[in-house]
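> Below are the chains, spelled out letter by letter.
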Amino acid sequence: MINAVNSKLDAELEGRTGQKVRACYQCKKCSAGCPVAFAMDLLPHEVMKMISYGQRERLLASSTIWLCASCETCTTRCPNEIDIAGVMDGLRHIAIESGVEPSEREVGMMHRSFLGGIKLLGRTNEPFLIGGYKAMTGNLFDDMGLGAVMFFKRKIKILPRTVKNRRAVRRVFKRTRKMEV
Amino acid sequence: MTDLTFSYFPGCSQSGSAEEFGLSTEAVCRALGIELAELPDWNCCGASSAHMTDDLLSIALPGRNLAIAREEGKDMLTVCAMCYSRMKIAQARILGDEAVAREVEEVVGADPRFRGEVRHLLDVLVNDVAFPEIRKWLRLPLAGLRAVPYYGCLLVRPPEVCCCDSVENPTDLDRLLALLGVDVRPWSFKTDCCGGSLSLSRTDIVEKMVNKLLTRAEEAGANCVVTACPMCAANLEMRQKPGKLTFKVLHKLPVLYFTELLGLAMGLSGVEEWMKSHIIDPMPLMRETKLLSH
Numbered sequence: 001m002i003n004a005v006n007s008k009l010d011a012e013l014e015g016r017t018g019q020k021v022r023a024c025y026q027c028k029k030c031s032a033g034c035p036v037a038f039a040m041d042l043l044p045h046e047v048m049k050m051i052s053y054g055q056r057e058r059l060l061a062s063s064t065i066w067l068c069a070s071c072e073t074c075t076t077r078c079p080n081e082i083d084i085a086g087v088m089d090g091l092r093h094i095a096i097e098s099g100v101e102p103s104e105r106e107v108g109m110m111h112r113s114f115l116g117g118i119k120l121l122g123r124t125n126e127p128f129l130i131g132g133y134k135a136m137t138g139n140l141f142d143d144m145g146l147g148a149v150m151f152f153k154r155k156i157k158i159l160p161r162t163v164k165n166r167r168a169v170r171r172v173f174k175r176t177r178k179m180e181v
Numbered sequence: 182m183t184d185l186t187f188s189y190f191p192g193c194s195q196s197g198s199a200e201e202f203g204l205s206t207e208a209v210c211r212a213l214g215i216e217l218a219e220l221p222d223w224n225c226c227g228a229s230s231a232h233m234t235d236d237l238l239s240i241a242l243p244g245r246n247l248a249i250a251r252e253e254g255k256d257m258l259t260v261c262a263m264c265y266s267r268m269k270i271a272q273a274r275i276l277g278d279e280a281v282a283r284e285v286e287e288v289v290g291a292d293p294r295f296r297g298e299v300r301h302l303l304d305v306l307v308n309d310v311a312f313p314e315i316r317k318w319l320r321l322p323l324a325g326l327r328a329v330p331y332y333g334c335l336l337v338r339p340p341e342v343c344c345c346d347s348v349e350n351p352t353d354l355d356r357l358l359a360l361l362g363v364d365v366r367p368w369s370f371k372t373d374c375c376g377g378s379l380s381l382s383r384t385d386i387v388e389k390m391v392n393k394l395l396t397r398a399e400e401a402g403a404n405c406v407v408t409a410c411p412m413c414a415a416n417l418e419m420r421q422k423p424g425k426l427t428f429k430v431l432h433k434l435p436v437l438y439f440t441e442l443l444g445l446a447m448g449l450s451g452v453e454e455w456m457k458s459h460i461i462d463p464m465p466l467m468r469e470t471k472l473l474s475h
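Heads up: the sequence lines are chains H and S, in that order. When we follow the working numbering, the leftmost residue of the first sequence carries the number 1, and every step to the right adds one. When we follow the working numbering, the leftmost residue of the second sequence carries the number 182, and every step to the right adds one.
The following block holds chain S by itself, in its conformation from the complex (with noise of 0.2 Å):
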C-alpha cells in the first residue's frame, strides 16, 4: 500500500463551524491508518476573499503554509474544498513561473517551492486506500439514507489543478457513499454552486441558490445532502430556512459530511457527538432508519 503519511491542514472551519468535518475526518483517518501530522502554525488560505481582492495576497496566504510543509518534507492532506482549491491554484503558480515564487519567497520570507502533493481526503479514499480496504471496515450498511453527492465547485473545478473524475459528472463520492450502503441517487446539480461567499453579503442571493438545490434534491428522492466542503455544508444547512420571516417552504434535508457517514458506517464512537453540531439536526432521520437509536 501506498505511503499514508501527511502534514495535515485542518483549516478554520474544521475547529469552528465545520468542527463536526474536523473531528469524523480524524477520527475516520486513525481508523483507515492515515497518518495526520498537523501542519505546524498553519494560517487560514485567504479564500475566496483574498482572491478577489488581491492577486499577491492570495498566493502568499497557501505560500506561508507551503513553506512549512516544505520543511516537514511530507504531502499535504487537506479536507475543505476550499483550502484544497487555494494550496492547488498557489502550488501550481509558484512551480510554474519562478518570478511569481520569487515574489512569495520574498512576501512569506520562507522557501514556498513545496514540490510534494497536496491532496483532499476524498480523493486518497477513492484512489490510494481503496474501496477493497475500506469494505474490510465497514459495520454498519447505511441503509435507508437516500443522498444526492453534493460536490459544489472547487473540488472539480478548475479540472487543471482538481482531483475528481470528470468536471461535469463526477462520481468518486456517488461511488464512496454506494459502498457504504446508501442510496445514491441521481442528479443534475452534483456540481453547482451554493452562492459561497456572498451567504453573509447576499443572504437574498444565496438562499435562492440553495433553496433551488434543495427542491432539486427532493425531487430526486434524496432524504439527506452529503458534502465534502464546508462552505457548501454551511450555507446549504444555513440558508435553508428565509432569513427573515417569510412564509416560504422549509426544506429541513439534513446535510451531512462525507466523513460522518463513512464513521458511521465503520461503527466509529463519536458519531452522535458529530450530529449534534448541525443546524438541521439529522437525528429524526438517523433515528428513523434505525442507524443511530438515541
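Just chain H, with the same shape it has in the complex (with noise of 0.2 Å):
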C-alpha cells in the first residue's frame, strides 16, 4: 500500500550510509537546487519521501538515481542535514546488489566501462574508457569528429599509463567488486 509509510528502506539505507531519511519534512530545496531535476523521472524530494514509503521497486528503477551528477548541493543545503547524495549512492548500491539493471543503461555502462579500466591498468586512460564504453553499448560513431580533435589536440594518448603493481589494484576490486567490471 503506498500510503502506508514503511521503514524497512528507510532503515536499510541508515545501515549502509548513516543517513536518517526520516528527518526529511518535505522543503523541497533539495528539488529546488538540483540542476538535474530538469532530466529526472522522480525529484530529489520525492525520492526521499517515497523511500520513507518503502516503495523500494520504483526508486530502484528510477531514472532519478543513476542521473544525479552527485554534485552535492544539495546535500549542503539540507537544512536537516541529510546526505541526500550519499543516500542516492546507497540506492544505486541497493539496486547493483539486488541485480537490477540500470534504467539508464549507458550510466551503467559508463560506470563499467570507467571501472574496468582502473582494474587492468591501475589508472584511468581516456582511449580505453571511450573504446570500451563504445564497445558496450555499440554507440560507435558518437563524437567521432571529437575523438579526432581530442586525438590532435594530444589530449588521447596512444600508450596507456598503468600502475607498476597491477596486482595490487586488482587484490582491490577481487576484495570489494560487488558490481561485475
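Honestly, the hints are just simulated from the structure, not real lab data. A quick note: this is a predicted structure, and the numbers were derived from the prediction, not measured. Don't take every hint at face value.
Partner residues are not named here, just some residues of chain H that face chain S (Cβ under 7 Å, in silico) [said to hold, decoys possible]:
#1 P35
#2 C71
#3 T76
#4 I96
#5 V107
#6 L120
#7 R123
#8 E126
#9 Y133
#10 M136
#11 M144
#12 R161
#13 V169
Just so you know, even glycine gets a beta-carbon here, dropped at the ideal spot from N, CA and C.
With the hints as a guide, dock the two chains, each given alone in a separate frame, to form the complex.
Below you can see the structure in the form of C-alpha cells.
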C-alpha cells in the first residue's frame, strides 16, 4: 500500500549510509537546487518521501538514481543535514546488489567501462574508457569528430599509463567487487 | 614560510585529457618553490564511478594512495578537484572510523591511516604561499581577460572536507585572478554542476547544463572561463558544440586552468604549448589581448 509508512528501506539505507531519511520534512530545497532535476523522473524530495513509504521497486527502477551527478548541492543545503547525494549512492548500491539493471543503461555501462579500465591498468586512460564504453553500448559513431579533435590536441594518448603494481589494484577490486567490471 | 614539500598526486587526467593542467601545475610549483615529489606508483582515485557503484571500493582505491603517502611521510598535494575530493573523503572515513580503517587495510594490504594533510594547489597558493609572495613573481598583468571563476562542485562540496572560503560564494579563485590583473566578472554560477560523469552516457543532459553555464558566463561579460577541475574543463570545452548536426548557437568561449593564467602572468616558458592542448583554441583571445603574440 502506497499510503503506509514502511521503515524497512529507510532502515536499510541508514545501515549503509548513516543517513536518517525520516528526518526529511519535505521543504523541497533539494529539488529546487538540483541542476539535473530537469531530466529526472523522480525529483530528489520525492525520492526522500518514497523511501519513507518503502517504495523500493519504483526507486531502484528510477532514472533519477542514475542521473544524480553527485554534485552535493542538496547535501549542502538540506536543513535536516541529510546527505541526500549519499542516499542516492546507497540506492544505486542496493540496485546493483539486488541485480536491478540500471534504467539508464548507458550510465551503468559508463561506470562499468570506467572501473574496468582502472582494474586493468590501475589508471584511467581515455582511449580505454571511451573504447570500452563504445564497445558495450554499440554507440560507435557518437563523438567521432570530437575524438579526432582530442587526438590532435594531444588529449588522447596512444600509450597507456599504468601502475607498476597492477596486482595490488586487482586485489582491491577482487576484495570489494560487487559490480561486474 | 611554511614547509612547501609535498607528495604530489597528479591524477590520471593531468597526463591525458588535461595535460596542460599537469604541465602548468608543475611549472608554476617549480617557479614558486613548491617542491613536488610524485607519489610512487599511485593509482586512479576511482572518481564518480567508484562511489556510485561500491562504497568500499570508493574508499579502498584512494586508500591505497593514502597508504603510500603514509610511507612517504609528507603532506599530499592534488590539483584535480575530483582526486582531491575522493582523497579527502576517504581519509576522513578511514581516520574517523576504526572499523572502516581495518576493512580498507585488509583490502589494500597496507596501513591507510595517513595523518598528513591532503591539500589542493589553490588552497596552498592562497593560504600558504600567500598573495604578497606571489605578487613578487608576476611579470605580465593579464589586462583584457574578463573571466568568470568556475569552481564547480568538488572543490567546495561537501564543505566539511573541502578547502574554499565559502560553500555558496567562494572567493579564493576570484582573488587569485584579480591579483593577476584579470577582470573578474561577478556571476551566480561559480559552484553549479557541469554534469560531471554523465558526459559520455547522457551527452544531451550535459550539453544543456554546459550551455546554460556558458550563456550565463557571456551575460556576465566574460571572454573566458577559469577552472580548477579537469572534468569541468573537459565538459565545458567538449560540450560547447552540440554533439550531432544541429543549428544551435556555438559559444566558442575559451576555458583555462588557473595554473595556466598564473604561469602566463609569471612569464613562464611553455605557455604557448599548454594553450595548444585546448579544444576551444584560446590563442585568438590571447592575440586579441596581446598577452601572447604567436
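> Once the shortest beta carbon distance from E126/H to chain S is found, is it less than 7 Å?
holds, 5 Å
> Hold the hint about M136/H up to the distance rule: shortest CB distance to chain S must be less than 7 Å.
Violated, about 10 Å.
> Holds or violated: is there a CB of chain S closer than 7 Å to the CB of V169/H?
Because about 5 Å separates V169/H from the closest Cβ in chain S, which is inside the 7 Å limit, the hint holds.
> Should the interface hint for M144/H be scored as holding, given a Cβ-Cβ cut-off of 7 Å against chain S?
With Cβ-Cβ at 10 Å, over 7 Å, it is violated.
> How about Y133/H: closest beta carbon in chain S under 7 Å, or not?
Holds: closest Cβ of chain S sits about 6 Å from Y133/H, inside 7 Å.
> Holds or violated: R161/H as interface residue toward chain S, Cβ cutoff 7 Å?
holds, 6 Å
> Holds or violated: is the Cβ of P35/H closer than 7 Å to a Cβ in chain S?
Since the shortest Cβ distance to chain S is 4 Å, the answer is holds.
> Can C71/H be said to touch chain S, with a Cβ gap under 7 Å?
Interface hint status for C71/H: holds (4 Å vs cutoff 7 Å).
> Holds or violated: the hint that V107/H contacts chain S, with Cβ atoms closer than 7 Å.
It holds, given that the least Cβ distance between V107/H and chain S is near 4 Å, below 7 Å.
> Do the numbers back the hint for I96/H, that is, is its least Cβ distance to chain S under 7 Å?
Interface hint status for I96/H: holds (6 Å vs cutoff 7 Å).
> Mind checking the CB of L120/H against every CB in chain S and telling me if the closest is under 7 Å?
violated, 11 Å
> Grab the minimum C-beta distance from T76/H to chain S and call the hint holds if it beats 7 Å, violated otherwise.
Since the shortest Cβ distance to chain S is 5 Å, the answer is holds.
Consistency note: the structure conflicts with the earlier hints numbered 6, 10 and 11.
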